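Based on the provided sequences and hints, a complete structural model is requested.
Number of protein chains: 2
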Amino acid sequence: PPGRKVLIVYAHQEPKSLNGSLKRVAVEELSKQGCSVTVSDLYAMQFEPRATRNDIVGCLHNPEEFNYGMETWEAYKRGCLSNDLIEEQKKVQEADLLIFQFPLYWFSMPAIMKGWMDRVLVQGFAHEFPNCYDSGLLKNKLALFSFTTGGSREMYAKGGISGDIRYLLWPMQHGIMHFCGVKVLAPHICFAPEYVSEEKRKEMLIAWAQRLKTLWKEEPINCSPEWYFK
Amino acid sequence: PPGRKVLIVYAHQEPKSLNGSLKRVAVEELSKQGCSVTVSDLYAMQFEPRATRNDIVGCLHNPEEFNYGMETWEAYKRGCLSNDLIEEQKKVQEADLLIFQFPLYWFSMPAIMKGWMDRVLVQGFAHEFPNCYDSGLLKNKLALFSFTTGGSREMYAKGGISGDIRYLLWPMQHGIMHFCGVKVLAPHICFAPEYVSEEKRKEMLIAWAQRLKTLWKEEPINCSPEWYFK
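Chains as they are written, first to last, in UniProt numbering: chain B, 1 to 230; chain Y, 1 to 230.
Source of the hints: derived by calculation from the structure; they are not laboratory data.
Be careful, since some hints might not be right.
Any copy will do: because identical chains look the same in the list, a pair fits if it lies in one copy or spans two.
Listed next, the in silico DMTMM-like pairs over lysine to aspartate or glutamate satisfying Cα-Cα at most 20 Å (straight line) [unchecked claim]:
(1) Lys200 - Glu154
(2) Lys200 - Glu65
(3) Lys158 - Glu29
(4) Lys5 - Glu28
(5) Lys217 - Glu28
(6) Lys202 - Glu65
(7) Lys16 - Glu65
(8) Lys158 - Asp134
(9) Lys90 - Asp55
(10) Lys158 - Glu226
(11) Lys16 - Glu64
(12) Lys230 - Asp164
(13) Lys77 - Glu128
(14) Lys183 - Glu198
(15) Lys90 - Glu128
(16) Lys213 - Glu29
(17) Lys5 - Glu29
(18) Lys32 - Asp96
(19) Lys213 - Glu203
(20) Lys91 - Glu226
All values reported here derive from a predicted model rather than from experimental measurement.
Next up, the structure:
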């Protein structure tokens with residue numbers, strides 16, 4: 001609906017890829033609805049995935065023994081995180097919905113996107129004990145994982161060789177998003193687009209656009225072990 | 001035993017950390033046994049986690065539409081992967097045992113280590129359909145995930161707020177190592193070392209050294225859904 005803000009965190013090297021098209025479809029459809037859409041195109045930004053001392057500007061809290069979690073927490077409170085992190089945190093803060101668009105790499109997100117999670121979702125900003133899970137600091141936001149796979153739907157079925165696809169969603173949806181208080185919408189999965197016809201790939205894009213039309217009416221999933229491992 | 005080769009892939013920024021100590025203990029104990037031990041110290045190497053066109057030296061197979069999986073597969077066959085990848089693949093090829101030592105970041109490994117998985121375990125080298133899972137190309141090797149957590153053992157218990165710790169091992173152990181044919185030893189987990197006494201942390205190091213003494217007699221886990229989600 002008009003006024004809603006969406007951040008798409010996008011990790012693919014090739015604009016012509018299906019991931020690139022899925023991203024464009026989302027920008028178009030959500031813009032058409034009157035949403036304001038921002039894209040973090042991680043490869044184009046050459047986003048830094050490594051969690052290092054460079055993420056803290058100026059002096060360290062404890063230079064004797066570098067503790068990344070502690071130092072970024074302190075730096076967040078003092079406003080001393082590096083600029084690229086402050087920029088991403090602003091985008092997250094403003095967003096009502098976060099869409100993560102990526103090809104599944106090794107049952108998870110590509111390292112460049114994992115680095116976005118590791119570096120942006122700093123303690124103090126996204127969570128601060130005991131404010132985690134339902135009371136995480138990013139509550140009242142939604143997240144949606146939209147990704148393509150190499151393996152087929154059959155491989156990712158319960159009893160299939162790669163196990164139920166939901167098994168691998170646990171760390172991303174529960175361990176990251178739910179931990180920060182974000183409510184999770186059902187994932188959007190395009191199985192094995194490299195092994196289907198151009199026609200089928202077009203249907204995948206249409207299905208995504210269709211879903212986005214009624215996205216704001218969706219209820220979040222119940223992000224507990226039952227949903228994943230029942 | 002004498003002659004066995006071990007590769008430790010290590011991801012911590014601070015040598016004085018518990019992860020740093022766990023890595024040193026492993027080098028010492030395994031060397032004492034007569035093993036030959038190699039360490040890939042990812043932060044010290046400034047290891048590149050991003051999967052990009054730079055991983056292929058020279059021309060692309062399809063410059064019209066960049067497909068990372070396809071291009072690295074082709075480049076592997078032609079011997080055209082970038083030098084840092086060739087170096088890591090040599091270390092993997094020679095190793096009988098891979099130890100991954102890291103602090104758990106967001107229910108998974110730090111991005112720098114995920115990038116090692118994304119970039120080193122190229123198709124053709126680590127797997128090549130239908131040679132995956134039990135017939136993966138790295139069969140006859142062992143892997144062990146050794147990590148520290150922020151959360152306590154109680155949080156990671158079945159029914160705990162963060163769920164059974166085994167849930168989050170699925171993508172790493174099954175989705176990566178088992179997929180490549182590597183047999184997986186039980187993980188080694190140090191819970192919440194930041195919240196225990198110096199005395200307790202010393203005990204953690206001693207326990208790791210103890211386990212390593214009889215490591216070569218251990219049987220791999222049965223890497224199937226039952227182990228993780230039973």
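*Which numbered hints turn out to be false for this structure?*
3, 14, 20
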